[in-house]
Amino acid sequence: MKFVDEYQNSELAKGLADRIANRSTKTIRLMEFCGGHTHAIMRYGIRQLVPKTVEMKSGPGCPVCVTATADLDKAIALARLPEVIITTFGDMMRVPGSYSSLQQARAEGADVRIVYSTMDAVEIAKTNPERSIIFIGIGFETTAPTIAASIIKAQQNKIENFHVLTLHKLTPPVMKALLDLGEVKLDGIICPGHVSVIIGSHPYEFIPKNYGVTCVISGFEPLDILLCIDKLVEQIENGQPRVEIAYPRGVKPEGNPKALELMDEVFEIDGANWRGIGTVPQSGLKIRKKYERFDADKAFPVSLKPAKETKGCRCGDIVRGAATPPECKLFRKVCTPERPVGPCMVSSEGACAAYYQYGPPENSEGFLERKRSKL
Amino acid sequence: MNDTILLAHGSGGKLSHELVEKKILPFLANPALNKLDDSAIFETSGRLAFTTDSYVVTPIFFPSGDIGKLAVCGTVNDLSMNGARPLYLSLSAIIEEGLPLEELERIIQSIKIAAEEAEVSIITGDTKVVNQGQADKLFINTSGIGVIPLGVDISGANAKVGDKVILSGTIGDHGIAIMSQREGLRFSMTLESDCAPLNKLVSQMLEASPRIHCLRDPTRGGLATTLNEFAKQSHVGIKVEEDKIPVKEEVKAACELLGFDPIYVANEGKLVAIVDPRDTDKVLAQMKQNGYGRDAAIIGEVTSDHPGRVIMKTKLGPSRIVDMLSGELLPRIC
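Taken in order, these protein sequences are the chains called A and B. My numbering puts the first sequence at residues 1 to 375. My numbering puts the second sequence at residues 376 to 709.
Since the hints were derived computationally from the structure, they do not count as laboratory data. Errors might be hidden in some of the hints.
[Said to hold, decoys possible] If the Cβ cut is set under 10 Å, some of the chain B residues that face chain A in the computed set are:
# : residue
1 : Asp618
2 : Asp636
3 : Asp698
Backbone N, C-alpha and C fix where the C-beta goes; we use that ideal spot for every residue, glycine too.
Here chain A stands alone, though its shape is the one from the complex (with noise of 0.2 Å):
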């Protein structure tokens, strides 16, 4: 695989920063929607790239983040269930509910299995046909395809003690609900690579065509991202927002018919719970009839206890782009990696983990020196 090093060349880089320098006059402000994107924006230092004129937000693009507490609680209530066995992948397990975690019913006894693949817990649905298996099903349009895939095999095979627990959120709906709220004044949005490479770029059209903001689709290399927002300025700068895909690589304008297909065949939509932004219509999806004997929520009906959220935390507003992670009281000081009070701290999407791991977005050595001329 050779083509690691050509999308982090540092001369290439400086070319595009430079170019971006050039061109930027007016100020502006731009959203990265995926969290894939802030992190790779974190770890190679990319806002220290652009020119003061270009302020960037981070967004909802966190499967693990934007999942409700309310969610969250049914999936630990699912797992508490005798004769389940829950599987998930990697980053739910230590995400808090309002009560406990999975990884806490785990250690009480609970089956929680951490799986790389929906195919792999179609599996485990096979080797243990006594036990009902339930994947947590989470993610935007990227995931959806696969765990629809998951659900036809589940069927075709006759496996009928697997179950989806389906949380899965559509990102153009979720844009349009930001926009709607108009909290966060955006210019610009760096459109999320993967979920594009199912969905497509027609799918964002109404944003520029109804709030005049601009969509550039993104692959996740740091060369790209630059080449993004290098496009993102052009278009603010000319005054003429449209959808552009600097990702060409992956992304077609159509999408992967294939793929969408199969989301179509098996999901029909339906609203969906945000944390932070609360239930936004048309931006989730649910089974469909044909299919509902894998419907977790019908086969196993559980009474919840009213959810509560961690007082303190600000991860609603983190993932609205109405606040950065140091704004939050709890940031360093209480919620950290090994301790997370909100999702935003635990996944490796999230905006907390990033800023935690990766340093503050401003010149690190300046936010240093700072730091030391406190104490």
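Fit chain B to the known structure of chain A by using the hints.
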């Protein structure tokens, strides 16, 4: 003899004796061990270093190594990182009932080869057998004793402003080699562990310069964690440059795929040295003479800025904080 380990192999009776006499002694024989007394007796003098470590790696065989080689190299390296010359090791094995004898033999063979390379003797040991499910195939503990040569004073607390940071070679090889063997994550390419005894490399470095201030092998937690330990123990800042850190192409690719940063991935045959700037070139030249230091490079320096912190100039130019590893990257890697 049966071809798997039975509970009776741990009974202390006939089968236990047979196991030791037929499967272990012939490979590891030396005068102290051969006596099979309750403790080994030896003479030595000077300042001694003493260390212990337990090995629970899974799988027990991995590309370019196994749990036996790891158990010898790990303890030899722990002694070496304080400048000690490793002499004697103990070896204690907890074996799960049902382990094929052939696998145990291969591991003992590999312990023999690693001990010969490191020129250490295994002079005492123990075997226990537990029921199936109460251990995972084989756990090994080794302890080691070494002698510190006169004038050598190496500690993580000795880094001084202006010192250079030398890394002995590519990072992440061991962690990725183990990961590539785990269920569900098979790569088409073979990634080899770097597991190796570093005592000879260290003694060559010490011949080149007595002014080596810190040495550590970046095992669990990787390079990032070791650098942070130095910065905190010595109350200094450390600044490194990402593009000076050697990483193999295949490790880079695997890390991209898995979402890891190679600076956090475990190594078992690498060391980080903090060296007086006057002697850096000499030490580096000497390291490159040794196979295990062939790719050695200066990756950064010790600064008075930001004490206790590690800063990295990223490939793109800006700097960022490098924190210690938090949480668990890969369980049971060593």
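(request) Using 10 Å as the Cβ threshold, decide whether Asp618/B counts as touching chain A. (result) With a minimum Cβ separation of about 7 Å from chain A (threshold 10 Å), the hint on Asp618/B holds.
(message) For the restraint on Asp636/B, tell me whether the closest CB of chain A is nearer than 10 Å.
(response) 7 Å, holds
(message) Less than 10 Å between beta-carbons is the criterion; does Asp698/B satisfy it with respect to chain A?
(response) 5 Å, holds
In summary, the structure agrees with every hint in the numbered list given earlier.
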